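**Q** Could you fit the two chains together into a complex? Lean on the hints.
The chain contents come next:
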Amino acid sequence: MKKINEQNPEKDGSSVSKNVSRRDFLSISLKALGGLAAIELGAAGILFLRSRSLSGEFGGIMTIGKIEEFTPGSVVEIEDGNFYLISTEDGGFLAVYRRCPHLGCTVNWMENEQKFLCPCHSATFAKTGDFNNKLVARALDYFPVSFDKGMLKVDTTAPIVREQHLPQHVSYPG
Amino acid sequence: MSLEILKPLRERLLHRDDGEKVELPSRDSHVRNNLILHLHPSRVPAQALRFSYTWGLGGISVVLVLLLGLTGLLLMFRYDPRVEYAYVSIQQLETEVMFGSFIRAVHHWSANFLVIASFLHLVRVFLTGSFKQGRSVNWIIGLVLFVIVLVGNFTGYLLPWDQLSYWAITVSTSLMAYIPLLGTAVRNFFLGGPQVGQAALSNFYALHVVFMPALMLGFLGYHLWKVRKNGGISQPLLKEDEKPEFKATNPHLVNIELAAGMVVLVVVGLYAMFNPAPLGSIANPMVSPNPAKAAWYFLGLQELLLHMHPLAVMTLLALTVVALAITPWIDRDFRDIGIYFRSAIGRRAAVFGSLLAVYLVPLAVILDEFWYDVPGWLPGVHTNITVGIIPFLITISVFVGIYFLLKSGLLFKNEKTNHSEAMLGVFAFMMTGLILLTIVGIYFRGQNMALVLPF
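So the protein sequences, as listed, match chains H and L. With the numbering used here applied, the first sequence corresponds to residues 9 to 182, in that order. With the numbering used here applied, the second sequence corresponds to residues 37 to 491, in that order.
Quick caveat, the hints were computed from the structure, so don't treat them as lab data. None of the values given here were measured: they were computed from a predicted structure. Idealized CB from N, CA, C, for every residue including glycine. Hints should not be assumed to be uniformly reliable.
Said to hold, decoys possible - Heads up, incomplete: computed chain H residues facing chain L, CB under 8 Å, no partners named:
#1 Arg58
#2 Pro80
#3 Arg107
Unchecked claim - Just so you have them, the derived chain H footprint on chain L, three or more residues with Cβ under 8 Å:
#4 198 to 212
#5 313 to 324
To be verified - If you anchor each label on the Cβ, the simulated ranges turn out as follows:
#6 L:Ala361 / H:Phe33: 55 to 61 Å
#7 H:Ala45 / L:Gly170: 34 to 40 Å
#8 L:Leu414 / H:Pro80: 34 to 40 Å
#9 L:Trp261 / H:Leu49: 23 to 29 Å
#10 H:Ala45 / L:Val387: 51 to 57 Å
#11 H:Leu49 / L:Pro398: 49 to 55 Å
#12 H:Ser37 / L:Leu106: 42 to 48 Å
#13 H:Pro80 / L:Ala361: 29 to 35 Å
Same shape as in the complex, but just chain L (with noise of 0.2 Å):
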């Protein structure tokens, strides 16, 4: 009897579709292209699918960070935040968790090639000019979630508590106090104490599980959003009477964007399975090990810190990372948006400045720790000058060098270089330096931070 309510009910659902013959498609495909579109227009254009073009940076690290949150997630689980117990909740991670081990592992590779890759990614933005027309606040916004990436590595770098983290992080919080005046109450604020201790694992633990996923939740997101406000990812500018060709988002983009997220999931558990995250011995803060180095993404810094005063470093650094954010302001010729290099003599500006790194990075290295010795022979003068000012200025000069070199026409038989190629020159000279530095400091230095061979 109370069925016959329903009866109205029933008919209208059985034939609300009455007259309409097309098929409609799907719900779950519908809500799938809604979720695309979203995050993509429903076209896009055919120039802007070219792998070679972005070779995927981006969206592979979006991938990977979307790993990080998931493994993250499943390792908070099981990992005990005190001293007492941080080191034996991984060892027993390691040792008797089922897949305890491989979680661990893929969150510790994910982390270090999201480095790579966010980095990879901004040189890519750098070299095709992408902070281009109108995309400098995007540009600035990858700045920051370039910061977020390396920091959130880093606050999570503590947490194993084994040697290598203990002394890593005393050694890179240890650069804070350098900072004037305010220097040793902001590293005493980070560590909670004067030296790494449970304050200090606390405050890493909070960063790394709740206070850098959130940033990083929220700048990536209006990091994509960002994208598409922009009119999607920069191509070159169209000549005249000349027409896009667009491309249906669905398959076109949805299916690269599927196999590129595919070929990073296999290629991380993959490499996860065969290495295994590091754990050192647990940490003691009697004992530092012989060398102390940092996460290997800092030892570019620390390679600097034995040649320069750390307050010469953080300066440079400091200089490179305003530089890099205000690059939309000075260069702002949109030309030649969207072309690797710029141009033909772009390309040979900027390979010129890598080769110049080539050189000469190596060899202030060997002549450094070989044959010359400021603070001896200008004996009297105080290492703020012999160690800080005087390499800091040479640095600087050499930059201002290349740019002038190459903007003066000498190099290229009188072809001049414009504003923007001179500026892809000293871009190309310091991110070689970095990776050079980088390389020297993981493979070349050994016992007491001397140069050895690592075969």
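For reference, chain H alone in the conformation it holds in the complex (with noise of 0.2 Å):
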């Protein structure tokens, strides 16, 4: 670099960058090259690492069981499912991911106190999973109902977030 800018004074400044010479080019290359590889190893790294994780470990969608089984207001745990299946009183169906939103142990139902219980920070959930403590500003995650052939069927490929319980996020059969 030096040698040449001694023979061409003329090319000295911003007129370098225009004449690489082969040893800056080579050297660029080389550095950019090897960017280049590491990216890329580190991609394929990630996203190989990554799969596992997509593939997921829920079940899909689940057949529970015929509609008329669960009586309204019960509470009954789907060990297979993750999840709580809240029948309401007015005949329509939640299922409840029972993670606790706060550090995700698993949450009991009690069934005399009418609530949901997390053993881990004491936090607790109405029957509806809404929150009422001060530790989790959210309520339990659920999972989409669905009706077919008077059979009750849950997708629990993924827990979908609510900040709150809304009417809507109960399923109604017919």
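**A** Next up, the structure:
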């Protein structure tokens, strides 16, 4: 670089960039290619590792049972599906994810107190999954419920995050 | 006949040392010295040999790391990282394998002692101002090493696949989900799915047995090399016309190190013999134990989580780490390097900070449990503010308040602390506070994480 400049003083300054020496060209392209290779390998590594998390461990759409099997006002734990099936008094259904939105512990249904209790930080949730505690500002997540020929189905592919419980989260047959 | 060829060779070997009457050191001692002199200079300042200066904490940590590597390797031969077999393989280790329970206990307790030893090492380095005078890079490497120790511990925690490990990891990784924007993606990446399962176990196994040890080895080597590069461990500045006294590394330093290493081995070994590593019942995703606690070294953080929004806790943690990392640039006055607490007034600042924590932290914990209820007092205000921003600002203002109180000189009959000593007071408050929160988390939290007495 220096040598060239001495030989061609008029190439000094801004005009140098137009006339890159062979050594500079090789060194720059080596670095650029190296950087590119690192990015490629990094991305490949991340995608390689990520692929597993996308396949998921949840069961997809699960058939839970006949609609009549669930008495209105009851809460049933469906262990395989990771959720509680809540049958509302007016015949609707709501499937809430049993994972506490605070730190991920499994909430328990307290039949006597008619509420969900998280044993980790004693967060409590109403029967609709709505929060009533100071730590969590979010209701329990839920899964969409659908009905097919008198059978009750729950789509457990991904829990739906909600700020608070709204009436439209409850599904009604028919 | 063929032996004739060897004759000149034999001659040369036999009479190699002819004319040289001095006894040469044996070959193995040469190798040994070579190894020692790779790590240490041939002579060390007598000052640096004082045990009550370093307490050997760095060396103890190195011994524990080596012990962890050795026992970890043994455990790998017997452990099976599949969810169906992980717990069973640990059970076999505990009941059937010769010395299985002992090896596992040594690994377990070494890891726990390492957290304590490296934490104390960090505190010692801060108290003696050993991050000063060109040691800033090594201070940061040390902080990275401490994080590696914690992550190494954390990734190992899941492997037994019992209730303790399952829920500790569930709780801790749920914290990641609170990182703004990226949170859930980061957590799902580490767990390999939305909740702890086979993918998470594989991830943690790979991280624990290859990734973290490799990182540890690299950074530890750099850390030790850098100590030598910086001219040995820190010491007080020499007065003018004062000549440092030097001693030979071998035997003076080497003997201390050998003795300390041996004591560590004996203590860990004995402790492991009498206290087998804990193993709960097999992991059950349906049932969270009550209370569900994180690993003990994270219980200070979990305790904070009971009082603050997770995002506030993480911001506080991140700020603390950043503050520690940039300490060498905030506190550049190196005249007090190598002196515990900087000075007499610095010692009083540190004692003040610690005592304040002893008063304030338990008081705050008790008040939050039984009396104050910010969300109740400010109905309609979002919890991000009531349990997030408000407690966060209170905590930060306590830190800042201690600094300016010390700096103002109101406390010690108008003897003002300098910048470095005031920072020491804040540091003492934070570390004592962290220790106290950890103690509360370990011993004073019972069912539903309510405050209980441990006795």
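**Q** All hints are to be evaluated individually against the structure, with a verdict given for each.
**A** Going down the list of hints, with the structure as the test:
1. Arg58: 6 Å, holds
2. Pro80: At 25 Å from the nearest chain L Cβ, H:Pro80 fails the 8 Å test, so the hint is violated.
3. Arg107: Result: holds, 7 Å to nearest chain L Cβ.
4. 198 to 212: holds (count 6)
5. 313 to 324: Check passed, 4 qualifying residues.
6. L:Ala361 / H:Phe33: 55 to 61 Å: 39 Å, violated
7. H:Ala45 / L:Gly170: 34 to 40 Å: At roughly 35 Å between Cβ atoms, L:Gly170 and H:Ala45 fall inside 34 to 40 Å, so the hint holds.
8. L:Leu414 / H:Pro80: 34 to 40 Å: 38 Å, holds
9. L:Trp261 / H:Leu49: 23 to 29 Å: 28 Å, holds
10. H:Ala45 / L:Val387: 51 to 57 Å: 56 Å, holds
11. H:Leu49 / L:Pro398: 49 to 55 Å: 51 Å, holds
12. H:Ser37 / L:Leu106: 42 to 48 Å: 46 Å, holds
13. H:Pro80 / L:Ala361: 29 to 35 Å: 58 Å Cβ-Cβ, so the 29 to 35 Å window is violated.
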